[in-house]
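The listed protein sequences correspond, in order, to chains B and S. Under full-length UniProt numbering, think of the first position of the first sequence as 1, with each following residue one higher. Under full-length UniProt numbering, think of the first position of the second sequence as 1, with each following residue one higher.
Honestly, the hints are just simulated from the structure, not real lab data. Among the clues, some could well be false.
To be verified - Taking CB as the label site, the calculated pair distances span:
| # | chain 1 | residue 1 | chain 2 | residue 2 | range |
| --- | --- | --- | --- | --- | --- |
| 1 | S | Leu134 | B | Ser6 | 44 to 52 angstroms |
| 2 | S | Thr19 | B | Leu11 | 25 to 33 angstroms |
| 3 | S | Pro8 | B | Ser109 | 40 to 48 angstroms |
| 4 | B | Ala22 | S | Met123 | 33 to 41 angstroms |
| 5 | B | Trp96 | S | Val112 | 26 to 34 angstroms |
| 6 | B | Ser100 | S | Ala52 | 33 to 41 angstroms |
| 7 | S | Leu51 | B | Asp28 | 22 to 30 angstroms |
| 8 | S | Leu137 | B | Ala74 | 24 to 32 angstroms |
| 9 | B | Gly37 | S | Pro8 | 29 to 37 angstroms |
| 10 | B | Ser6 | S | Ser45 | 55 to 63 angstroms |
| 11 | S | Pro25 | B | Thr45 | 24 to 32 angstroms |
| 12 | S | His12 | B | Ser100 | 38 to 46 angstroms |
Beta carbons: idealized from backbone N, C-alpha and C, even for Gly.
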Amino acid sequence: MVPNDSVSSNLRKGVLEYCVLAMIGGGDMYGLDIANGLQRRGLLTSEGTLYPLLARLRRNGLVDTSWRESLQGAPRRYYTLTAAGHDSLATFASIWDTFSASVTEILTSTPGETP
Amino acid sequence: MNHDTDIPEVRHYLAALETRLAQLPPEQSEEIVFGVREHISDALSRDDRSLAEILAALGTPDDVASGLADTAPPPPLTSYPQPAAALRRQSSTLWVVATAILLPFGAFLAGVGWLFGVAGLWMGTRWRTWEKILGTLVLPFGVVGARYLAFLPLWGPLGTDAQTSNPLEGAVFPGLSLGGTVALACVPLAVASYLLIVGLRRTPARP
Chain B
1 MVPNDSVSSN
11 LRKGVLEYCV
21 LAMIGGGDMY
31 GLDIANGLQR
41 RGLLTSEGTL
51 YPLLARLRRN
61 GLVDTSWRES
71 LQGAPRRYYT
81 LTAAGHDSLA
91 TFASIWDTFS
101 ASVTEILTST
111 PGETP
Chain S
1 MNHDTDIPEV
11 RHYLAALETR
21 LAQLPPEQSE
31 EIVFGVREHI
41 SDALSRDDRS
51 LAEILAALGT
61 PDDVASGLAD
71 TAPPPPLTSY
81 PQPAAALRRQ
91 SSTLWVVATA
101 ILLPFGAFLA
111 GVGWLFGVAG
121 LWMGTRWRTW
131 EKILGTLVLP
141 FGVVGARYLA
151 FLPLWGPLGT
161 DAQTSNPLEG
171 AVFPGLSLGG
181 TVALACVPLA
191 VASYLLIVGL
201 RRTPARP
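Use the sequences and the hints to build the structure in full.
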């Protein structure tokens with residue numbers, strides 16, 4: 001029997017960076033907001049692990065950063081999706097549609113039936 | 001923003017995280033530590049959570065460092081030829097040592113060795129930006145620069161009438177005692193020693 005934690009952890013690892021890209025693509029965000037959004041959806045077990053991921057996305061040119069004043073007054077570093085980030089997200093989204101539909105179809109098929 | 005992160009628990013957490021990330025190039029570890037610091041500061045100013053809850057939600061420094069393994073591309077097989085970047089990194093221990101020697105003593109090498117030391121410092125990957133600035137500005141031309149600084153008076157405001165007054169009057173360093181001179185010469189040595197130690201400590205782990 002495969003532990004639930006292991007299954008969800010492996011799935012999270014595969015999709016987390018695209019979830020981050022999708023969140024940033026919905027509007028520029030700063031670190032704490034991204035972490036809270038992922039945590040709320042159960043996609044992040046430790047908020048701190050977000051920052052190595054963000055650093056890698058920026059190094060790979062998928063996101064960019066800029067400083068802006070916040071309502072609290074202190075400037076914050078906001079993350080923006082780059083053109084390469086949009087492309088990467090679009091590619092993932094098209095693969096994910098097919099992938100998730102196939103998995104759902106198999107999981108919901110009647111035993112013995114050839115999907 | 002950083003006032004919140006001056007709290008001892010936060011400083012301790014960030015220092016531990018920095019240690020866990022020591023195998024990364026300084027630019028990468030700085031970026032991650034900066035993000036975590038900003039996260040803590042934002043959470044303290046915005047959330048209702050206590051500091052303990054914020055740090056617990058971040059995970060331990062080991063948890064954060066494990067994010068590198070979760071998100072990094074798989075490492076190359078060791079049987080493959082090492083990429084040029086890896087070879088350059090392996091040889092950079094010599095680079096660190098040579099830079100740490102050239103900065104204080106390079107000026108003795110036809111006067112230009114110090115410039116090579118500065119070039120090595122800025123082209124090196126094991127020092128942070130502020131450390132590179134420190135190594136460049138304290139003191140230019142190393143021990144030779146310290147010697148000149150000790151013995152050559154630096155003149156005060158423009159307009160000092162050198163013909164009618166004692167040339168040493170108004171000097172910023174009107175002459176240092178022997179102890180002061182030795183102390184001044186030790187400054188570039190201390191900076192070079194610091195750069196050597198941190199540079200060697202940041203040696204990437206061998207595959």
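Which constraints among the numbered hints does this structure fail? Numbers only, ascending. 3, 5 and 10
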